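Student: Using the sequences and the accompanying hints, generate a full structural model.
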Amino acid sequence: MRLLRYIAGRLVVYLLVIVFGLTILFFVPRLGPTDPVEAMLAKVAAQGAYMDASQVDRLRESLADTFGLNGTLLEQYWAFIKRILLTGDFGPSLSMYPTPVMELILNALPWTFGLLLTSTLIAWVLGNFVGLLAGWRPESNAAKAMEGVAIFLYPIPYYILALVLSILFSYVWQIFPLTTTIRGAPWSWDLISSIVWNSILPAASIVIVVFGWWVISVKAQTSQLKDEEFIRYARLKGLSQTRILTRYVLPNAILPQITFLALQIGLMFNGSLITEILFDYPGLGLLIYTAVLQGDFNLLMGTISLSVIAVATATMVIDLIYPLIDPRIRHR
Amino acid sequence: MQRITSMFHNAPFRLYLGILLLVLCVILGFILPWFAPDNPLTWYTAPRNQESSLVYPLGTTSLGQDIFWLLTWALRNSLILGLAVAFFSTLIGVFLGLAAGYAGGILDRFLSFCMDALLCVPSLPILILLAALFGGQLSLPVIGVALVIFNWPYPARQVRAVALSMREREFINVAWFSGESGVRILVRHIFPYIAGWSAANFINTVLVGVTTESALAVIGLSSATQATLGTMIYWAIEYQALLAERYVWIGSPVVAVLLLFIGLFLVSSGLTMQSAARRLGL
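Chains as they are written, first to last, in full-length UniProt numbering: chain A, 1 to 332; chain B, 1 to 282.
The hints are simulated quantities; they were obtained by calculation from the structure and are not laboratory data.
Please read all numbers here as calculations on a predicted model, not as lab measurements.
Be careful, since some hints might not be right.
Far from chain A, by Cβ distances over 12 Å, these chain B residues were calculated [unchecked claim]:
hint: 1; residue: P33
hint: 2; residue: P37
hint: 3; residue: Y44
hint: 4; residue: S52
hint: 5; residue: V55
hint: 6; residue: Y56
hint: 7; residue: F68
hint: 8; residue: E168
hint: 9; residue: A175
hint: 10; residue: S178
hint: 11; residue: Y239
Computed Cβ-Cβ distance ranges for the label pairs, DEER-style [said to hold, decoys possible]:
hint: 12; chain 1: A; residue 1: I321; chain 2: B; residue 2: F113; range: 15 to 23 Å
hint: 13; chain 1: A; residue 1: L3; chain 2: B; residue 2: V23; range: 49 to 57 Å
hint: 14; chain 1: B; residue 1: N173; chain 2: A; residue 2: L4; range: 37 to 45 Å
Not everything, but these chain B residues come out facing chain A in the computed CB check (under 8 Å) [claimed, not checked]:
hint: 15; residue: L119
hint: 16; residue: C120
hint: 17; residue: A132
hint: 18; residue: V218
hint: 19; residue: L266
Think of the CB as a built atom: it goes at the ideal place given N, C-alpha and C, for glycine as much as any other residue.
Tutor: Okay, here's the thing in structure tokens:
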């Protein structure tokens, strides 16, 4: 019952957060010094497309509709929220007319999602493993060396690491491809190996940073837990080291990490956007970038609205996983 | 004085190393720019494509800019932006956090929701949208204001939690009933509890500020008229420094970012350890 109430509460907050984020998105174009519609029209004109007056008028109308500029502010707001939340309709892409924006986003999402999820999981497993061992024997040289490495890796921004990795492994030693080109028939080995091969560098730039944080944090937790009574009890019971580490220390050490992950998911998402752009990785980040370069405001509003929704969803999912890991929330 | 020196004796090694790196960055970014021979942003003030030499310590760009002096200016602008963002975020965060923690009720609910919701909204996409609407580039002050809006919730959450726990403490009641003013209680009794943590948070916000601006700059959406660490990287990529194997050109801002960030992180984690140790010692 408590669990149900927890889940219901989280879902309400989730919806409110999305509405909050979309509200920001709604007001941002109204803050700009220029009328977004006119700016967009100027951009289209600058690209050399010839349009007669009636076409311009029609485009202006459809753009005003995109930005939700018709009617009073309250009507505009309501139409904007309704359009995104209920229909998920962002209109057609202007640079890849008439492909719907939603279709482009749906093609890009699995890439971003796959990249972030895989690299976070790899970093999680490695980081927990190394952090646990380092925290269990904090005086050993290996532990100190590992912590030292982690401290130097963690503060590095993703895109700097992405840049360094691509300079080293694509320019200096030409091992990995510089930009992403996926080849192969659907569902073939060629395709899978091509995806993996092209994802190694972008993933590595995320894995290394997250790994650094995980080691630092798990080590600090573990070396504190080591002296707790219940750990001493387990040791006196004669349990094996592995069992103590995996069943007694680990579940307690990872709790703060989950909270941290929920707080950091937005920053991690920011990082993955830049990584994708630098590696030409066909995810949401590259799509946002394309939208900016092409002045495709339908695509831009769509991708950015979806970024807000995706991050809010990820945070909610982590919050919902929390009671599965921390029984205290379930039984309180 | 004795206290300060003893603090430094007990300070962890990482704090020293961090301070050393930061001092290096401050010298490079705040003192050296005054000695720049002329505006390093101007094209063709130096011969083009020079390798490192005594006259041009880091060589010159293909636009005839002296990389060393360009780097000092870039570091200065990035540092000023980071510090300004951290200052205003902390100021607003501490104020609203205290307000939420003390007032309670509807105001607390409203502010807490805003904090939690803002943490869930990714800042970079919103900045990209702003940049696109501002005609492809954002000036540094606009980026700064946007970053403050996204970063005040971190200190605010923490301060709110401290304020909530403080409200129930005995010694606050004692101070209150012995007639001390609210401001004095805040400054003398509560501030020491959040000072160490606030310092660490301040540094983290500098880090986030510099990172986000450079991230925006690396994809060419930050100011084109000001040098920052990010725009330096952007220009180097844009003018094919990599294909020309001019690794010093692109490498120097990257190394500067690394040194700055590692320094900031070492100081912030050193401070956290320090204040944790002191709390235990009490």
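Student: Give a verdict on every hint.
Tutor: To see whether the hints hold, each was checked on the structure:
no. : hint                        : verdict
1   : P33                         : holds, 22 Å
2   : P37                         : holds, 29 Å
3   : Y44                         : holds, 27 Å
4   : S52                         : holds, 18 Å
5   : V55                         : holds, 26 Å
6   : Y56                         : holds, 22 Å
7   : F68                         : holds, 20 Å
8   : E168                        : holds, 21 Å
9   : A175                        : holds, 32 Å
10  : S178                        : holds, 37 Å
11  : Y239                        : holds, 15 Å
12  : A:I321 - B:F113: 15 to 23 Å : holds, 22 Å
13  : A:L3 - B:V23: 49 to 57 Å    : holds, 52 Å
14  : B:N173 - A:L4: 37 to 45 Å   : holds, 39 Å
15  : L119                        : holds, 6 Å
16  : C120                        : holds, 5 Å
17  : A132                        : holds, 5 Å
18  : V218                        : holds, 6 Å
19  : L266                        : holds, 7 Å
The earlier numbered hints are all upheld by this structure, with none contradicted.
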